[in-house]
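Peer 1: So you can see what is in the structure, the chains are spelled out below.
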Amino acid sequence: MFKNVIKEVIWVGFGGMIGALLRYGTNTLFTSTFGSASFITATTIENITGSFLIGVIFSFLSRKKSPNRMLNLFLLTGLIGSYTTYSGFMVEAFVLLHQSPLLFLGYLCSQIFMGLLAVTIGMRMFTQNRVQQA
Amino acid sequence: MTQILIIALGGAIGAALRHLTGKIAVQAFGQPSIYTGTLFSNVIGCFVGGGFLAFFTHADSFIINTQLFLIIGILGSYTTFSSFALESHQLFNISNKDLFAYLFYQIIGAFGALATGYGIVFWLMERFIHV
Chain B
1 MFKNVIKEVI WVGFGGMIGA LLRYGTNTLF TSTFGSASFI TATTIENITG
51 SFLIGVIFSF LSRKKSPNRM LNLFLLTGLI GSYTTYSGFM VEAFVLLHQS
101 PLLFLGYLCS QIFMGLLAVT IGMRMFTQNR VQQA
Chain W
1001 MTQILIIALG GAIGAALRHL TGKIAVQAFG QPSIYTGTLF SNVIGCFVGG
1051 GFLAFFTHAD SFIINTQLFL IIGILGSYTT FSSFALESHQ LFNISNKDLF
1101 AYLFYQIIGA FGALATGYGI VFWLMERFIH V
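Keeping their order, the protein sequence lines are chains B and W. For the first sequence, this note's numbering begins at 1 and goes up steadily by one. For the second sequence, this note's numbering begins at 1001 and goes up steadily by one.
Just chain B, with the same shape it has in the complex (with noise of 0.2 Å):
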């Protein structure tokens, strides 16, 4: 049981080391080309990549016959979740308040909403390909 335990925090432990590396690769990226901007951070394309992301490897590892535990610890906990991130998202909200509550609303709605459709959108592609297939 305790075994298992670490193994799974190394898996996960490598995983958000990777994920946290991207994000803030994507950070730098976004910062040098785009400028500090409000609305659209480089947050919000983490976010909505990640979840989009997250819905199509989420489906195919879940129709997988034997899964494989670590592998969906290390890619969907460890990757895909240090890769987006919520802390940053909520502090950005946080800043625009002090705008305007309009701007403020708008960035929190958008980005949840698309994060939604993002996952949505993931996973319905990836179940379309298999019925193509077969």
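FYI, nobody ran anything at the bench for these hints, they're computed from the structure. Careful: at least some of the hints might be erroneous.
Between beta-carbon pairs, the in silico distance windows are [said to hold, decoys possible]:
#1 Met-1125(W) - Thr-31(B): 23 to 33 Å
#2 Ala-1028(W) - Ser-62(B): 19 to 29 Å
#3 Met-1001(W) - Gly-35(B): 18 to 28 Å
#4 Thr-31(B) - Glu-1126(W): 30 to 40 Å
#5 Phe-1100(W) - Phe-34(B): 32 to 42 Å
#6 Lys-7(B) - Leu-1005(W): 21 to 31 Å
#7 Ile-1094(W) - Leu-102(B): 29 to 39 Å
#8 Phe-60(B) - Tyr-1035(W): 47 to 57 Å
#9 Ser-110(B) - Tyr-1035(W): 20 to 30 Å
#10 Cys-109(B) - Ala-1059(W): 42 to 52 Å
#11 Val-95(B) - Glu-1126(W): 13 to 23 Å
Below are the DSS-like pairs computed for lysine-lysine, each with C-alpha atoms no more than 30 Å apart in a straight line [what the hints assert, rightly or not]:
#12 Lys-1023(W) - Lys-3(B)
#13 Lys-1097(W) - Lys-7(B)
#14 Lys-7(B) - Lys-65(B)
#15 Lys-64(B) - Lys-3(B)
#16 Lys-3(B) - Lys-1097(W)
#17 Lys-1023(W) - Lys-64(B)
#18 Lys-3(B) - Lys-65(B)
#19 Lys-1097(W) - Lys-1023(W)
#20 Lys-64(B) - Lys-7(B)
Not everything, but these chain W residues come out facing chain B in the computed CB check (under 10 Å) [what the hints assert, rightly or not]:
#21 Ala-1008
#22 Gly-1011
#23 Ala-1016
#24 Gln-1067
#25 Ile-1071
#26 Gly-1076
#27 Thr-1079
#28 Phe-1081
#29 Ser-1088
#30 Ile-1107
We put the beta carbon where it would ideally sit given N, CA and C, even for glycine.
Here the structure of chain B is known, so what remains is to put chain W in place on it, guided by the hints.
Peer 2: Only chain W this time, still in chain B's reference frame:
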């Protein structure tokens, strides 16, 4: 190079802590439940994030690497948006009532936690460090 190592280490710690939070949540609330590890990680992470925001914006001359390690590394990885979106999507297909409660806790809960964390640290700093 130092920055990359710092973020890698912080990211690994944050993700591992999130996984352990999830295990505790399953022990406490069972599965399936709207009280998931993701919910707790996000609310706790936003509370701490609010505190850091107040601290780092009002206490200048702080080493950039400390901020990268704590905010981008640990907190950034401890909280997650993708699992939040995935869990919302799953609830959307099950129950509207649960989805509404889940979104309420995630959005209002996390934002309230962030504002509370910010307020506490801001108040402490005003009182004791006189920023």
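Peer 1: So which of those numbered hints doesn't the model satisfy?
Peer 2: 8, 10, 13, 16 and 24
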